[in-house]
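*Asks:* Sequence:
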Amino acid sequence: MSSPVVRRTALAASTAALVLLATACGGSSDSKDAKAGDGGTTQADKTASAAAPAKALGAAELEKAALTQADVKSGKVTTKVPARDDVAHDKVKTADAACTPLALLQAGSWVGTPAATVKRSWLADAKKPAAGADPKVALLAGLDREKVIVTLASYDDGGGAEQALKDLRTAADKCAGGYSYTADGTKTGIASVAVTQAPEGADEAFAVTQTMNADDVKAPVKAVVVRKGATVAYLPAINLAAAVSGKDFDFPTALVDAQLAKLK
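Last residue of the sequence shown? That's 262 in my numbering, and every number before it is there in order.
I should point out that these hints are in silico values taken from the structure, not numbers from a laboratory. Watch out, some of these pointers could steer you wrong.
To be verified - Cross-link-like lysine-lysine pairs, in silico, DSS-like; alpha carbons within 25 Å at most:
1) Lys117 to Lys78
2) Lys245 to Lys78
3) Lys62 to Lys117
4) Lys117 to Lys91
5) Lys117 to Lys74
6) Lys53 to Lys260
7) Lys260 to Lys164
8) Lys262 to Lys53
9) Lys125 to Lys245
10) Lys172 to Lys262
Claimed, not checked - What follows is a set of in silico ranges between Cβ atoms, one per label pair, in the way DEER data are often shown:
11) Ala136 to Ala95: 40 to 46 Å
12) Lys172 to Ala128: 25 to 31 Å
13) Asp248 to Thr66: 19 to 25 Å
Remember, predicted model here, so these are calculated numbers, not experimental data. Beta carbons are placed, not taken as given, at the ideal position from N, Cα and C, and that holds for glycine.
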């Protein structure tokens, strides 16, 4: 998800939150000189693909495979993603074409040319601040929740799903030192890209933490991508408090498990 998504989500949370996020995410700059790999990196495990090409899901099948509220134990699933959270694929541009897959991922889109796609959004439950907490601390506690845009993409071009994961790994390697992109005309600078431990249970998986420049804050944004057959699930996540403070956050792996369960 791009910086505009961070700001718009914060506005929905509260007016005060918008003030903080405007400070944290109001502008960003290119950061080619930043060093990559903050916090260490590990290459995600990849399981062997089946010998025969997997059958691509049609639009109706993909819709059935997408998450609903009944599939998750916490948080809120939105089945009709509003336009403000649905950045068009062709509205994402990078200064370096090699980094385009990462930009598309973080903007909430897909990689390659899928035959069908469907989107959902998920927002974690709000956390209650401690009694008597400082107002600023209480506000940040209320913002300490993850938002994920879940995109399912089905590929029928005989290897498109596998190629999407390959393109993401290549981009993570080439763009580890940072890059910039625009989404809906707003520029975002990424200071570093670090491949992280991917979840198990998929035919293939990829996980990454990108460090976003937000004025004086370097904020982590994360994503997990999993493939089952010819279907790829893209799950980029932001944390509203992290966007303000720059602190790390845990990716909601239960959401990946729930999506994989529906793709079996």
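*Asks:* Now tell me, hint by hint, if it's right for this structure.
*Replies:* The hints, checked one at a time:
As the CA atoms of lysine 117 and lysine 78 are separated by approximately 8 Å, the hinted pair is consistent with the 25 Å bound. Taking the CA atoms of lysine 245 and lysine 78, the gap is about 30 Å. The hint is violated against a cut of 25 Å. Our distance criterion of 25 Å between C-alpha atoms is met by lysine 62 and lysine 117, whose separation comes to about 12 Å. Straight-line distance between C-alpha atoms of lysine 117 and lysine 91 comes to about 21 Å, which keeps the hinted pair within the 25 Å bound.
Simply put, lysine 117 and lysine 74 have alpha-carbon atoms about 14 Å apart, close enough for the 25 Å limit, and the pair holds. Only pairs whose Cα atoms come within 25 Å are accepted, and lysine 53 paired with lysine 260 is accepted, the gap being roughly 16 Å. For the proposed pair lysine 260 and lysine 164, the alpha carbon gap of about 23 Å is at most 25 Å, so the pair holds. With a C-alpha separation of about 13 Å, the suggested pairing of lysine 262 with lysine 53 holds against the 25 Å cut-off.
Taking the CA atoms of lysine 125 and lysine 245, the gap is near 16 Å; set against the 25 Å cutoff, the hint holds. Of the pairs offered as hints, the one joining lysine 172 and lysine 262 is violated, with about 33 Å between alpha carbons and a cut-off of 25 Å exceeded. Taken as a hint, the range 40 to 46 Å holds for the pair alanine 136 and alanine 95, whose Cβ atoms sit roughly 44 Å apart. For lysine 172 and alanine 128, the Cβ-Cβ distance of about 44 Å falls outside the hinted range of 25 to 31 Å, so the restraint is violated.
Checked against the hint of 19 to 25 Å, the C-beta distance between aspartate 248 and threonine 66 comes to roughly 24 Å, which is consistent with it.
Violated hints, listed in ascending order, are 2, 10, 12; each of the other numbered hints is respected by the structure.
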